[in-house]
Structure formats: structure tokens, C-alpha cells
Amino acid sequence: MKRTAKELADAIGATFEGDSTLEISGVAAPERAASRDLIYVDSAKRVERAVASAALCVIAAEGLRLPDKTVLRSAHPKFAFSKAATLLLDRAPIASGIHPTAVVAPLARIAGSASIGPYAVIGEDAHIGAETQIGAHSVIGAGCWIGEHCRIHPRVTLYHHVRIGHRAEIHSGAVIGADGFGYAFGEGRHWKFPQVGIVEIGDDVEIGANTTIDRGSLDDTRISEGVKLDNLVHIGHNCQIGAHTVVAAQVGFSGSCIVGKSVVIGGQAGFGERCELEDGAVIGGQSGVLGGKTIRSGQTVWGTPARLLEKFKEQYAFYGRLPELAARVKSLEGKVGTK
Amino acid sequence: MKRTAKELADAIGATFEGDSTLEISGVAAPERAASRDLIYVDSAKRVERAVASAALCVIAAEGLRLPDKTVLRSAHPKFAFSKAATLLLDRAPIASGIHPTAVVAPLARIAGSASIGPYAVIGEDAHIGAETQIGAHSVIGAGCWIGEHCRIHPRVTLYHHVRIGHRAEIHSGAVIGADGFGYAFGEGRHWKFPQVGIVEIGDDVEIGANTTIDRGSLDDTRISEGVKLDNLVHIGHNCQIGAHTVVAAQVGFSGSCIVGKSVVIGGQAGFGERCELEDGAVIGGQSGVLGGKTIRSGQTVWGTPARLLEKFKEQYAFYGRLPELAARVKSLEGKVGTK
Amino acid sequence: MKRTAKELADAIGATFEGDSTLEISGVAAPERAASRDLIYVDSAKRVERAVASAALCVIAAEGLRLPDKTVLRSAHPKFAFSKAATLLLDRAPIASGIHPTAVVAPLARIAGSASIGPYAVIGEDAHIGAETQIGAHSVIGAGCWIGEHCRIHPRVTLYHHVRIGHRAEIHSGAVIGADGFGYAFGEGRHWKFPQVGIVEIGDDVEIGANTTIDRGSLDDTRISEGVKLDNLVHIGHNCQIGAHTVVAAQVGFSGSCIVGKSVVIGGQAGFGERCELEDGAVIGGQSGVLGGKTIRSGQTVWGTPARLLEKFKEQYAFYGRLPELAARVKSLEGKVGTK
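Residue numbers (the working numbering), protein chains in the order written: chain A, 13 to 351; chain B, 13 to 351; chain C, 13 to 351.
Calculated from the structure, these hints are not laboratory results.
It cannot be assumed that every hint is accurate.
Since the list gives no way to pick out one identical chain from another, each pair is judged satisfied if it fits inside one copy or across any two copies.
With a straight-line cut-off of 20 Å between C-alpha atoms, the simulated SDA-like cross-links for lysine to any residue are [unchecked claim]: (1) Lys57 with His88; (2) Lys57 with Pro79; (3) Lys342 with Glu326; (4) Lys273 with Ser55; (5) Lys325 with Leu337; (6) Lys325 with Gly346.
Treat the numbers as computed from the prediction; the structure is a model and nothing was measured.
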């Protein structure tokens with residue numbers, strides 16, 4: 013949706029310098045921008061490409077000189093740009109109206125303003141909130157509850173009784189609510205431990221493509237508001253993920269992990285059963301936290317088993333000098349003798 | 013399905029103490045249980061929550077005191093509870109009857125008691141056994157053979173000529189029988205090595221959401237009876253996975269790995285081509301076994317490259333003390349001199 | 013399609029020895045081959061099983077004796093066998109004709125010779141080239157462009173405006189063009205950084221089952237010609253993957269990675285943001301390349317953080333001898349004293 017530069021400045025709380033009537037219609041990288049696209053620049057070394065851009069309007073940090081541009085000054089240009097983009101960009105529609113091929117169970121409750129794409133299947137007693145869009149081929153199990161303004165992309169599966177808040181976005185291929193992985197061995201075979209909990213997903217959660225979130229066993233699995241999960245993430249049964257935590261691609265959680273608020277987790281990290289990550293912890297990519305371990309609030313850890321980043325770096329530095337250390341020991345032995 | 017406490021005790025081989033007429037209708041965690049739910053307790057430290065539970069009936073290990081409860085004594089409470097749950101719980105139906113939108117090839121053979129969900133597609137010559145349920149949007153390729161009492165959840169793909177035994181359960185998003193990953197380089201490009209084998213899956217196998225199992229190249233890929241695969245697991249072409257082996261989430265097998273019976277594999281472990289895991293081996297999470305290596309029967313290994321757990325622990329302990337060791341070498345050099 | 017042995021020899025540039033009229037109808041492993049199947053042998057230790065095979069025709073390296081067989085001599089038997097297989101094998105059809113249940117948008121342009129399976133959904137303005145097959149339940153977004161002779165298996169999602177070259181093959185469950193994982197934090201929540209780029213996929217690319225490739229943020233994501241991606245791979249926004257690069261299963265790329273030509277990447281390797289792999293680099297399985305790092309052309313690296321394989325091996329050897337080294341230091345201290 014078009015906005016004037018001045019409207020955008022007001023919306024993002026930026027100081028305004030330039031042509032207040034300028035109309036902006038999109039966002040772009042400086043090299044690709046057309047005159048009406050908004051760009052941003054957050055460091056001196058990127059000023060040159062912003063100046064050279066065809067874009068007429070730039071969000072810029074204080075102190076950066078951008079002659080001949082309309083400038084929206086912000087202390088946090090990337091955030092300001094992202095917020096402005098939500099005003100400028102129409103999101104690609106996932107569905108519009110109820111497609112005649114959608115199979116909707118008789119007792120499902122679909123808000124009048126919800127949309128359901130071709131071949132989607134909505135189970136008995138499911139509830140779909142206002143303005144929510146369900147993509148083609150998505151399967152919404154019996155008893156699911158989905159809030160308002162959600163975007164469920166094509167080919168998503170929700171097993172029965174999954175609960176989703178408002179404004180959640182779930183990408184294609186995600187599977188929410190499959191049985192957790194729990195067995196008890198006896199009489200020569202594995203018996204499935206009951207997986208009768210549900211999955212609850214909060215407001216404003218985004219779930220990446222082909223990510224899987226298992227239902228609880230006897231408890232529930234909970235993903236709190238504002239959590240962002242990248243693609244191919246695995247979340248085991250009974251996990252609790254705190255608000256605004258960010259989880260990069262291919263991370264895996266075993267069962268019953270407790271994750272605090274605003275935790276940041278790098279790609280391919282793995283977590284054993286019942287481990288705990290306190291608020292604001294930062295977990296490096298490919299790190300492994302053993303079952304039952306706790307990472308304290310605000311700690312940054314790395315490696316497998318995960319340890320404090322400073323410790324990891326110190327140990328790793330010594331590791332790299334091991335051949336030298338061994339040579340020094342040999343030299344000492346030459347002087348002192350080994351007998 | 014409701015059972016009396018006495019019926020459950022008999023079915024699981026438990027000693028019975030209490031009210032034999034008590035009717036049980038479900039399972040739960042102690043904190044959540046209603047009076048008619050079955051709970052279990054396997055250690056003294058959890059007795060208190062069991063006693064405080066509203067549940068009237070408890071499966072408990074010998075020696076645990078549970079006043080006022082009906083108690084089913086079992087040496088293995090978790091197993092007994094899991095087995096009892098299979099009697100108590102009706103599993104959520106995946107499909108019922110043949111949905112009119114299912115596309116079933118003319119020469120497919122569907123047992124009269126099988127069910128096929130909306131929009132499922134069943135290929136030519138496919139065979140679906142008695143009481144098997146196929147979920148919405150699942151695609152069963154030509155020539156597939158699926159046994160009795162299987163549960164194929166929505167949005168599963170079986171490529172052509174995949175064979176599935178009885179009572180298998182396959183979760184949403186799983187892809188069985190895609191081409192293996194094999195190429196030969198020549199004339200400036202990669203040529204696909206033929207992937208003309210099949211996939212055979214045994215009885216009582218469970219396959220997690222979004223897991224992929226590739227078809228064989230010139231041989232077949234085989235998953236034996238009772239194997240349990242978690243979500244997002246990858247099994248390459250020609251792998252042979254032995255009976256009752258358990259594979260946690262995001263594990264990856266390259267081609268032609270041979271895995272014995274009752275192997276236990278932690279999450280995110282990886283296996284190079286043609287490695288071999290003998291019966292009862294235990295592989296730690298995130299471990300890496302190099303191509304061509306063998307892990308002996310009953311060994312527990314950890315790390316990349318995978319080594320015996322005791323060895324891993326010993327080395328890791330010395331690793332943690334490296335800065336101290338280096339300081340000691342420096343101190344020695346101070347005394348002895350380095351020239 | 014049947015071929016004479018002589019035709020195959022000519023097609024693959026092999027020297028011919030034997031019965032030129034022999035007709036070949038398939039490929040197989042020696043143990044499984046019927047008389048008319050083609051087999052291959054590339055080393056002396058495998059000659060015996062080739063000789064014992066029922067197959068009448070063998071592709072063999074120079075110098076291997078195969079009495080009574082028709083032999084096609086090639087310096088690269090595996091490549092020759094793979095190339096011959098492309099002539100002999102009819103690929104399993106994915107769809108034939110436009111299935112009446114396919115939902116094709118009015119302004120989509122579908123070549124007359126293209127095929128679209130049951131329940132596939134083709135968005136507005138999409139273009140499907142000649143001889144391309146789209147599997148059941150695949151969802152092709154608005155504005156997608158797919159070239160000729162592509163094989164899109166069942167249950168694939170292309171988000172809007174994805175571009176696919178000719179002869180590409182995309183396996184079931186793959187998701188191409190979902191939003192990249194980028195946010196800017198402000199005002200207590202994560203704001204989605206705009207993900208308005210596209211995905212471009214070159215000719216002859218193969219993409220594995222349940223692999224995900226995210227669309228660009230302000231730039232585009234590009235997979236060049238001849239690239240082969242295994243299953244469950246994740247490619248973040250703005251990545252550029254060079255021609256003929258091979259990526260094994262469960263590898264993950266963060267955003268904006270630059271990968272050269274003919275790079276080889278082992279399973280479960282992970283790459284931080286903006287790292288760069290030059291042409292011909294080889295990355296070991298489970299390796300981790302930190303964000304912003306460069307792996308030079310032709311280097312082979314291993315471990316996390318990734319380092320040269322020789323260095324990894326040297327360090328690892330010293331690591332294994334750490335207990336011994338510590339004992340030697342202790343012994344030195346005994347002689348020299350620690351005070």
C-alpha cells in the first residue's frame with residue numbers, strides 16, 4: 013500500500029528530512045531499488061551504495077550524509093525499515109474465500125471472513141478465526157482452534173486438538189501435533205507411551221517450512237507468543253518454548269525441554285531431554301546441550317557439550333597449539349630424561 | 013475403552029491391591045488426572061504427587077506406599093502403564109470409509125475394511141490391507157503394498173513399489189521411496205546412478221513426521237519390524253535397519269549403512285556410507301560415525317568421530333584441563349630452561 | 013527402452029568385446045541381474061561376482077577378465093553405467109495428461125505436452141513448460157515459471173514467483189520459496205524483515221525430499237545448473253549455490269552464503285551467515301563453517317570450526333594422546349619438582 017515518506021516517518025518514529033509529499037510504494041536493496049522504493053543504511057561503509065541508488069527515500073542512522081535523498085533518521089534503521097515494510101507491503105494472499113473443493117466438517121466453525129484454499133480439509137469441531145487464511149491442501153484436525161489473522165500456508169498438517177493463537181504464520185510442510193517419540197520396552201517390543209497431550213501455539217508465532225512440533229505425552233507442548241522457528245526444526249513432546257525465542261534451522265529439541273524468553277539458538281543445535289535454557293541464553297550453532305543440563309540466563313554457550321563461549325575459545329586455542337605443546341614436552345624430556 | 017482396574021491388572025500381569033470393581037477410562041499425569049484416570053509411579057521421589065492425585069488407580073513399583081489408592085504392582089511401571097494405555101485409549105481415527113474424493117486407480121486392491129481419507133491418491137496395482145487407514149492427501153504410488161491395521165497419516169508420500177508390513181504407523185509429511193542420492197560425474201555433469209531398488213518396511217514400524225527414506229539404488233532399503241524412527245530422520249539408499257532399533261530425531265544415514273537389532277541412536281547423529289552398527293550398540297546424540305566404520309555390539313559411543321563413551325569422557329576431561337597443563341609445561345620450562 | 017549392447021557401447025564411448033546383437037533391457041547389481049540386465053565392475057576385487065552373475069553384458073574397467081561376457085570397456089565404469097542407465101530405463105511417470113481434479117488458474121499457461129496430477133493446484137500466471145510433469149497435490153504458486161522436461165513429484169510446494177529451469181527434478185515434500193528467516197527486534201517483538209526476493213533454480217538441478225529453499229529477502233536465492241541437493245537440506249535466503257555443487261542430506265545454510273562450482277558438502281554440515289565456499293572446496297560431514305568465513309578453492313575441511321583436513325587429523329591425533337601427554341608432564345614434574 014502506498015504511503016508518503018512523511019507518513020512512514022511518523023509511523024516508525026523517525027525524524028524527517030526532505031520531501032514530505034514523496035510517495036513510497038515498496039522496499040528494496042539499494043542496487044535494485046526504483047525511485048519509489050524505500051531503502052535503509054545502517055553504517056558508514058554502506059552509505060556509498062545508498063547514495064548511488066535510484067531510491068529517493070532512505071532510512072538512515074544519525075550522522076550518515078545522504079545528499080539529495082529524503083531521509084528518515086532512526087537509531088535502529090533495520091528495525092525501522094522492517095516496521096515500515098509491514099505498512100508498505102501487501103502480503104501474498106494464501107487463499108481467498110472458501111474454495112468449493114475444501115472439505116469442511118459439518119460442525120467446524122469457520123469465521124465469515126476466513127479463507128480456505130483448494131482441497132484443504134477441516135476436521136470436526138475445528139474453529140477458524142476471522143481473517144485467517146488456510147492454504148491449499150492443508151489438513152486441520154478435529155477439534156483444532158485457530159485464532160484470527162493467521163496465515164497457514166499450503167500443505168500444513170495440524171493433528172487433532174492443536175491450538176493456535178492470533179496472527180500466527182505456519183509455512184508449508186510443517187506438521188504440528190504428531191505423536192511424541194516415547195516408548196517403553198517390554199515383552200520384546202517397544203510400546204508407545206501415551207501421547208495424549210496437545211500443542212498450544214501463541215500469538216505472533218512463525219513456524220518454518222517442514223518444521224515438526226510433537227504433541228505432549230501426558231502434558232502439553234507449548235510455544236509462547238512471538239516465538240520464531242526456522243525451517244526443519246524439531247520440537248519434541250512436552251517442550252515449553254518461552255516468548256520471543258528465536259530458533260534457527262534444523263535445531264532439535266528432545267522431550268520436556270524448558271526454554272525461557274528471548275533465547276537465541278543457532279542452526280543445528282541439539283538439546284537432550286529435560287534440559288533448561290533460561291531467559292536470554294544464547295546457544296551457538298551445532299551446539300549440544302546434554303539432557304538435564306541448565307544454561308543460565310544470559311549465558312552464551314558453544315560446542316558439544318555446550319560450555320561458556322569464552323571457555324570454548326580458550327580451550328580451542330590450546331587445542332590448536334597441542335602439537336606445539338607436545339613438542340615442548342618432548343624437548344623438556346630431552347633435557348631432564350624420561351627414566 | 014473402559015476397563016476395570018482388575019482387568020487392567022490381569023492384562024499387564026500386575027499384582028492387584030484395592031477395589032477390583034473400579035472402572036478406569038483414561039491415562040494421565042498425576043497432576044492432571046481425574047478420578048477414573050490411570051497414573052503410574054516408578055520412584056520414591058514421585059510418590060507424593062501420585063498420592064496427591066485425584067486418580068484412584070496407580071501402577072506402582074514394589075515398595076511404594078500409596079494409601080487409599082487401588083494399586084497395580086509392577087516391576088516395570090512405565091511399560092505396564094504404556095501397555096495398559098493401549099487397552100484404554102481409542103486412537104484418533106485417520107479416515108473412515110472411502111471418501112468420495114479419493115482417487116483410486118482402477119486396478120488398486122483395497123480391502124473392504126480399509127479407510128481412505130479425502131483427496132488421497134492410490135496408484136495402479138497398489139494393495140491396501142484390512143483395517144488400514146490412509147489419511148487425507150496421502151499419495152500411494154503404483155505397485156505399493158500396505159499390510160493390515162496400518163495408520164498412514166495425512167500428507168504422506170509413498171513412491172512406487174514401496175512395501176509396508178502390518179500395524180505400521182507413518183506420520184504426516186514422511187516421504188518413503190524417493191530416489192537415493194547417487195551420481196557419477198562425467199562429461200562435465202553429474203549423471204544419476206540408477207535408483208531402481210525398493211523400500212521394505214516391516215511390521216510395527218513407526219515413522220516420524222517429515223522423515224525421508226530413500227529407495228535402494230540397485231539393492232533395496234529395509235526397515236525391519238518394530239523399528240521406531242522419530243521426526244526428520246533421513247535414511248539413505250540401501251540402508252538396512254535391524255529390528256526394534258530406535259532412532260531419534262534428525263539422525264541421518266548415508267547410503268548402504270547396516271544397522272543391527274535394538275540399536276539406540278541419539279538425535280542428530282550422522283553416519284557415513286557403509287558404516288555398520290552391530291546389535292545393541294548405543295550412539296550418542298550428534299555423534300558422527302565415519303564411512304566404513306563398525307561400532308561393535310553393545311558398545312556405547314559418542315562424539316565425532318565416534319569413540320567409546322569412556323574414552324570420550326577421559327579425553328574430554330583432559331581437554332578441559334589443557335590450559336592448566338600448558339601452564340605446568342611453562343612452569344617446567346622456567347625451571348629447566350628452553351634452550 | 014531396450015538397446016543392443018553395441019548401441020550402448022557406442023552411446024557411452026566404450027570399446028566393445030562380444031556379442032553385438034545382444035539386447036539389454038535393464039540394469040542391476042550382479043547378484044540380482046537377469047541375463048538381459050547390464051552390470052558394471054570397476055575393481056579387481058569385484059570381478060568374481062560379475063563373472064558369477066547371470067548378466068550377459070558387463071561394463072568393465074580395462075584389464076579385468078570377464079570370460080563369456082559381452083564387455084563394454086570404459087575407463088570410468090560407474091559413469092558409463094549411469095549414462096547407459098539413462099538410455100535403458102523409463103522413468104516412472106509422475107502424471108499423465110491434465111487430471112480433471114487439477115485446479116489451474118485461468119491465466120496459467122500450461123504447455124500442451126505438460127502433465128498435471130490429481131489435485132495439483134497451479135496459481136495465476138504460472139508457466140509450465142513442455143513435457144514437464146507436476147505430481148499429485150503439488151502447489152505451484154502464482155507467477156511461477158517452470159521450464160521443460162521437469163519432474164515435480166507429488167506434494168511439492170512452490171511459493172509465488174519461483175523460477176525453475178529445464179530438466180529439474182524436485183522430490184516430494186520439498187518447499188521452495190518460503191519466507192527467509194530474518195527479523196529485526198524492536199518495541200518488544202520481532203518484526204519480519206521483508207522477504208520479497210525470489211528463488212531461481214537452474215537447469216538439471218535435483219532437489220531431495222523435504223528439502224527447503226527460502227526465497228531471498230531483498231536479493232534472490234539462486235541454485236545454479238546441475239546442483240544436486242539431497243533430502244532435508246535447508247538453504248537460507250539469498251544463498252547462491254554454484255553449478256554442479258553436491259550437497260548431502262541435512263546440510264544447512266544460513267542466509268547469504270556464497271558457494272562456488274563443484275563444491276562437495278557432506279551430510280549435516282552447517283554454514284553460518286555470509287560464509288563463502290570457493291570452487292571445488294570439499295566440506296566434511298557435520299562440519300561447521302562460521303559466519304563470514306571463506307573456504308578456499310580446492311581445500312578439504314573438517315570439524316567445527318572447519319579447518320584443513322590435515323590439520324584436523326594432526327590435532328585429533330594429539331588429542332587422542334592427551335592422557336599420555338599429561339602423564340609425561342606429571343613424570344617431568346616428579347623429576348624437576350613443582351615448587
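For each hint, the structure was consulted:
1. Taking the closest pair of Cα atoms, lysine 57 and histidine 88 come within 20 Å of each other only inside a single copy of the chain (16 Å); across copies the shortest separation is 51 Å, beyond that limit.
2. Taking the closest pair of Cα atoms, lysine 57 and proline 79 come within 20 Å of each other only inside a single copy of the chain (16 Å); across copies the shortest separation is 71 Å, beyond that limit.
3. For the homomeric pair lysine 342 and glutamate 326, the shortest alpha-carbon distance between copies (17 Å) is at most 20 Å, but the shortest distance inside one copy (23 Å) is not.
4. For a Cα distance limit of 20 Å, the shortest separation of lysine 273 from serine 55 qualifies neither inside one copy, at 29 Å, nor across copies, at 32 Å.
5. In the homo-oligomer, the alpha carbons of lysine 325 and leucine 337 lie at most 20 Å apart both inside one protomer (17 Å) and across protomers (16 Å), since each shortest distance falls under that limit.
6. Proximity of lysine 325 and glycine 346 under a CA criterion of 20 Å is satisfied in neither setting, with 31 Å inside one chain copy and 26 Å between copies.
In summary, the numbered hints that this structure violates are 4, 6.
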